[in-house]
Structure formats: C-alpha cells, structure tokens
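Going line by line, the protein sequences match chains A and B.
Its first residue numbered 3, the first sequence is counted upward by one per residue in this note's numbering.
Its first residue numbered 3, the second sequence is counted upward by one per residue in this note's numbering.
Keep in mind that a hint or two might mislead.
With the C-beta cut set under 10 Å, the calculated list includes, among others, these residues of chain A facing chain B [unchecked claim]:
1) 20
2) 24
3) 203
4) 218
Please keep in mind that the hints were generated in silico from the structure rather than gathered at the bench.
Remember, predicted model here, so these are calculated numbers, not experimental data.
Cβ atoms here follow ideal geometry from the backbone N, Cα and C, with glycine treated the same way.
Here is what each chain is made of, one letter per residue.
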Amino acid sequence: MQTLTRNWPVFVLALLLAAGLIAPLASGAAAPGFYVEVLLGGLMSGVMYSLVALGLVLIFKASGVFNFAQGAMVLFAALSVARIGEVMPLPVAFVLTVGIMALLAWLIERLVLRHLVNQDAVVLLMATLGVSYFLDGFGQTIWGSDIYRIDTGLPKTPLLVAEKIFEGGILINTEDLVAAAIAALLVLALALFFQKTPTGRALRAVADDHQAAQSIGIPLSRIWVIVWTVAGVVALVAGMIWGSKLGVQFSLALIALKALPVVILGGFTSVPGAILGGLIIGVGEKFAEVFLGPVLVKQFDLAGGGIENWFAYVLALLFLLVRPEGLFGEKHIDRV
Amino acid sequence: MTRREVGGVLLSVEDVWLSFGGVKAIQGVNFDVREHEIRAIIGPNGAGKSSMLNVINGVYHPQQGRITYRGKVRSAMDPHHAAAQGFGRTFQSLALFKGMSVLDNIMTGRGLRMRTGLLAQAINIGPARREELRHREFVENIIDFLEIQPYRKTPVGRLPYGLQKRVDLARALAMEPSILLLDEPMAGMNLEEKQDMSRFVLDVNDEFGTTIVLIEHDMGVVMDISDRVVVLDYGRKIGDGTPDEVRGNEQVIAAYLGVAH
Chain A
3 MQTLTRNWPV
13 FVLALLLAAG
23 LIAPLASGAA
33 APGFYVEVLL
43 GGLMSGVMYS
53 LVALGLVLIF
63 KASGVFNFAQ
73 GAMVLFAALS
83 VARIGEVMPL
93 PVAFVLTVGI
103 MALLAWLIER
113 LVLRHLVNQD
123 AVVLLMATLG
133 VSYFLDGFGQ
143 TIWGSDIYRI
153 DTGLPKTPLL
163 VAEKIFEGGI
173 LINTEDLVAA
183 AIAALLVLAL
193 ALFFQKTPTG
203 RALRAVADDH
213 QAAQSIGIPL
223 SRIWVIVWTV
233 AGVVALVAGM
243 IWGSKLGVQF
253 SLALIALKAL
263 PVVILGGFTS
273 VPGAILGGLI
283 IGVGEKFAEV
293 FLGPVLVKQF
303 DLAGGGIENW
313 FAYVLALLFL
323 LVRPEGLFGE
333 KHIDRV
Chain B
3 MTRREVGGVL
13 LSVEDVWLSF
23 GGVKAIQGVN
33 FDVREHEIRA
43 IIGPNGAGKS
53 SMLNVINGVY
63 HPQQGRITYR
73 GKVRSAMDPH
83 HAAAQGFGRT
93 FQSLALFKGM
103 SVLDNIMTGR
113 GLRMRTGLLA
123 QAINIGPARR
133 EELRHREFVE
143 NIIDFLEIQP
153 YRKTPVGRLP
163 YGLQKRVDLA
173 RALAMEPSIL
183 LLDEPMAGMN
193 LEEKQDMSRF
203 VLDVNDEFGT
213 TIVLIEHDMG
223 VVMDISDRVV
233 VLDYGRKIGD
243 GTPDEVRGNE
253 QVIAAYLGVA
263 H
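Just need the whole structure built from these sequences, with the hints factored in.
Here you go:
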C-alpha cells in the first residue's frame with residue numbers, strides 16, 4: 003500500500019500504457035489479425051532498439067561512460083560486414099568484422115578512454131561524441147557512402163500464419179522471426195557469459211566498484227576493451243539485422259537516438275531494463291502511429307502523421323518526471 | 003601468545019611525501035614492515051593513515067620517497083599491479099560488489115590466479131571448468147574459516163555491516179596475499195564484532211603467515227593484536243615501536259588527548 007501511495011504517478015503511467023495497448027482491440031477499431039500484425043511489427047523494431055540500448059548499458063555499467071558512439075558503431079559494423087560480405091561468404095565477413103570491432107575497442111581504450119580516466123562524465127560524453135562523428139565519417143572513407151545490401155539468404159516472402167484463428171491470417175516476415183531469434187540468443191549468450199564465467203564475474207565486479215575491482219587485481223583497461231568489444235558485437239548484430247531489412251545506410255547511425263529514450267525508460271544500469279524498455283518503446287510508437295494517428299485526424303482534424311518520431315521521447319520525458327532512475331535503474335540517494 | 007616467527011624486512015617506506023595541491027598529507031614518513039608481523043598504523047583523524055595505505059597500495063603516487071618491497075625498489079604502479087605482486091586490501095567504507103552473492107564476491111578475489119583464456123571460459127570446456135572447481139574449493143575453505151557459510155548465496159548488500167566487513171576480508175584473503183592491508187577493519191563495529199574481527203585477523207596471521215598492515219584510529223583493539231605500531235599525526239611520524247613503547251610516548255599521548263597550551 004505504501005509503495006502504491008508513493009509511486010502513484012508510475013502506476014498511472016503504467017495503466018495508461020496498458021489501456022493504450024488494449025484500447026484498439028477493445029474498441030473494435032482494429033481487426034484482431036491486423037492488431038497482432040502491428041504488435042509484432044512494434045516488437046520487431048523494439049528488438050532493434052533493445053540491442054542498441056544493450057550496448058549503451060553494457061558500456062555505461064562497466065565504465066560510467068555514456069557512449070554516444072553506439073549508433074556510429076552500428077553503422078560502422080554494418081558497413082564492414084556488408085562490404086566484406088561482397089567478396090567473401092557472410093559468416094567469414096561476420097567473423098572478420100568481430101575482429102575489426104575488437105580492434106576498434108582496443109584503439110578507443112588506448113587512444114581515448116585511458117587518458118580520460120577520472121574525468122567528468124561530460125568530458126567522456128564529449129569524447130564519445132567525437133568518436134561517433136569520426137566513425138561515421140571514417141566508415142564512409144573506407145567503405146563508401148552508397149546504400150549497401152547484406153544478403154542473409156533468407157526468404158523475403160512473408161508467411162501467412164494462423165489463418166484459422168484470425169480472419170485473413172497474419173503476415174509474418176521470416177527474416178523478422180529469424181532476427182528476433184538471433185537477438186534473443188545473443189542476449190541469452192551474454193547473460194550466461196556475465197553470470198557464469200570468471201571474466202563475466204570480473205566485468206560485474208568492475209560495474210559495481212572500480213576501486214575494489216582494481217585492488218583485487220582486475221585491470222580496468224582490459225575489462226574496458228572486453229566490454230567495448232562486446233558492445234561492438236551487439237552493434238554488429240543490430241546493424242546486420244537492420245541493414246538486411248533496410249539496406250546499410252547512414253540512417254542506421256540514427257537509431258542510436260532512439261536508444262536514448264529506451265535507456266531512460268529502462269534505467270541506465272539495467273540489462274533487463276534495456277530489453278523491456280526497447281520493446282515498450284517499439285510497440286508504443288507503432289501503436290501510437292497506427293491507432294492514435296487516425297483518431298487525431300478524425301477528432302481534431304490534424305494531419306496525424308509523424309507520431310512515431312516523437313512518441314518515444316515524450317514517453318521518456320514522462321518517465322524522467324515520475325521515475326528518473328528508470329524501471330530497473332539504481333535509485334540514487336544523495337547525501338546533501 | 004604463540005605466534006609465527008617474525009622474519010626480515012618485507013616492505014619499507016622511505017621518506018615518503020605526498021600532497022594534494024596545498025594539503026600535505028604525508029611528510030617524510032619512514033617505517034618498515036617485517037614478514038609475518040602485524041603492523042599497525044594509528045593516528046587521529048586526518049593523520050594521513052588512509053593516504054599511507056593508498057600509497058602502499060598504488061592508488062596514490064608519492065611525489066618523493068620510495069617504497070622497497072622484497073628488497074627491490076618499487077616503480078610507480080596501479081592497484082592492480084600491486085595486487086599482482088601480492089598486496090591484498092580491505093576498505094574502510096565498504097567496497098563490496100553489492101549486486102553479487104557472497105560467494106561470487108569472494109570468487110572475484112581468485113581472478114589473478116585463473117589461467118584459462120577468455121574463449122575457453124566462454125564455451126566452458128574441461129580445463130576452464132576444472133579450474134573453476136579448484137578455486138571454488140579454496141574459496142569454500144575461506145568461507146568456513148571466517149564462519150560465513152550460511153550466507154554464501156546471499157546478495158552481499160543484504161548482510162549486516164559486520165558480516166559485510168567479513169566478506170571484504172574474505173575477498174582479500176582469496177587473493178592469497180603476501181601482505182594484507184586492512185583499512186580500519188573495526189570501524190563502526192560494536193564490541194562483539196570487534197572481538198570477532200580481532201580474532202580473525204590474528205588467526206589469518208597465525209595460520210597463513212600473512213603479513214598484516216592495519217590502520218585504525220581507535221587505539222584500544224590495535225594495541226592488543228599488533229606486534230609494532232607506527233603513530234602518525236598531521237602527516238608526520240611521531241612514534242614507532244611495540245605497543246608498550248608507543249603507549250608511553252609523550253608525543254603520542256599529546257596527539258590523542260591534546261596538550262595544554
């Protein structure tokens with residue numbers, strides 16, 4: 003009861019979101035089959051946001067750095083795998099790109115992070131902003147600036163499923179299903195790595211307390227290289243999934259901006275938060291665009307478009323007001 | 003008291019100066035630590051005790067002076083280098099890995115002794131698994147030794163303060179350090195907890211022969227368990243010797259009780 007009285011704005015917000023989720027179906031505005039299709043579409047983009055947010059959270063936890071360059075890493079990795087994939091089989095290109103991302107992580111640690119240890123968070127943020135622009139440009143310098151394809155060899159034709167349950171069935175993209183499965187596997191593998199291996203334990207130790215971790219002999223620089231490499235691999239997977247859908251192009255770097263509201267929603271230090279936050283925002287913005295848009299058009303005679311672009315940020319702002327630490331973030335109690 | 007034999011000089015601090023901007027934290031301090039002994043550094047608040055410990059541990063780098071360890075002058079180093087050389091430490095304000103279980107916290111202390119590579123760990127093949135089990139056994143012994151068996155799987159943040167201090171000690175012991183640096187191990191404890199901790203410190207010293215450097219600002223407990231005591235005040239050394247010698251030192255009494263001006 004006490005938690006309810008204290009956290010009522012959070013509950014109100016959660017109720018509103020739940021209502022928004024059910025309303026289109028309950029009011030009969032959407033056919034069940036179409037509703038499920040929109041839901042799946044939302045979850046699909048949610049998976050992408052989750053992956054990018056995951057990279058942000060990993061780096062933030064381990065080094066306290068908000069990595070603005072995560073989006074640029076997605077683009078860079080996607081460009082690498084696409085261009086190498088033109089001359090070699092995709093799995094080989096994938097492995098080579100993992101190597102490239104590891105090298106990049108090492109360089110970032112050597113050339114940037116190491117020299118900025120113990121600086122203000124703002125300084126580190128500016129540094130990653132610099133890295134971000136450098137990577138955006140440098141990627142194009144090496145790989146070119148056209149739109150490139152990543153051919154995963156998966157069938158592009160959508161599947162028609164559940165015809166018996168819903169009238170007209172549901173169209174599902176095989177590629178989307180595979181992508182979601184790969185993302186889930188990646189998250190599972192990371193969870194196992196972090197929970198079950200000695201290196202994972204060391205990573206968690208660093209995330210909890212830098213000083214203590216160093217005192218028991220964990221070298222921070224090595225941990226940072228590992229974490230940035232892992233974030234690079236996550237970026238690579240995100241870039242491949244997105245790139246094979248839409249083509250590898252500059253706009254990939256911009257999905258990082260969507261990962262910002264996701265981490266605000268989920269909490270900067272929470273991996274489950276990044277995943278859940280991504281899914282909430284992915285579904286939320288699709289629903290707002292598809293179902294709320296037409297209502298606005300009808301009731302208020304507005305144009306009704308573009309909701310997908312701002313919905314995530316408004317949701318994040320609301321969260322900042324009622325629960326600044328996010329869904330699963332650490333609550334900060336500062337002594338004054 | 004039957005004790006292990008105190009050996010030769012293991013670590014010596016020679017004319018160390020450390021300042022932060024205008025604040026002179028340590029001013030020309032000399033002392034040595036012999037193998038297997040319990041060496042205390044005491045002094046009132048702000049005497050430079052913690053700074054001294056952090057210098058030994060490689061957190062701070064002194065502007066002047068040098069530290070000799072096992073007969074060799076130590077070059078400037080980071081805490082993880084110090085750890086690799088055999089320096090273990092605990093913290094005054096708890097610095098445990100709060101999200102992790104007691105067992106995992108202590109297992110992190112074995113990191114330096116793990117040899118299998120990242121890839122072998124990731125796929126958890128035979129050698130990696132066997133190594134983990136071997137270290138696990140070692141850690142279980144420490145857990146028994148410090149009597150924290152019932153809390154092995156408990157997230158460390160949920161334990162009472164006194165027990166968290168014990169986990170901190172356990173994590174440092176897991177490193178099998180040659181020198182154990184204890185930063186106010188009894189701070190904030192009640193009498194019973196202090197007695198427990200004193201007993202553990204003595205037992206560690208006795209059973210493993212670990213050399214212990216501990217800093218405390220409470221004189222009482224320390225005098226009972228230390229072989230030799232250094233007294234710091236305002237960054238300078240004002241006393242050095244056995245507990246009895248130090249207790250009789252007028253400067254020390256003045257520093258602790260104040261003098262009439």
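Each hint, compared with the structure:
no., hint, result
1, 20, "violated, 29 Å"
2, 24, "violated, 35 Å"
3, 203, "holds, 6 Å"
4, 218, "holds, 5 Å"
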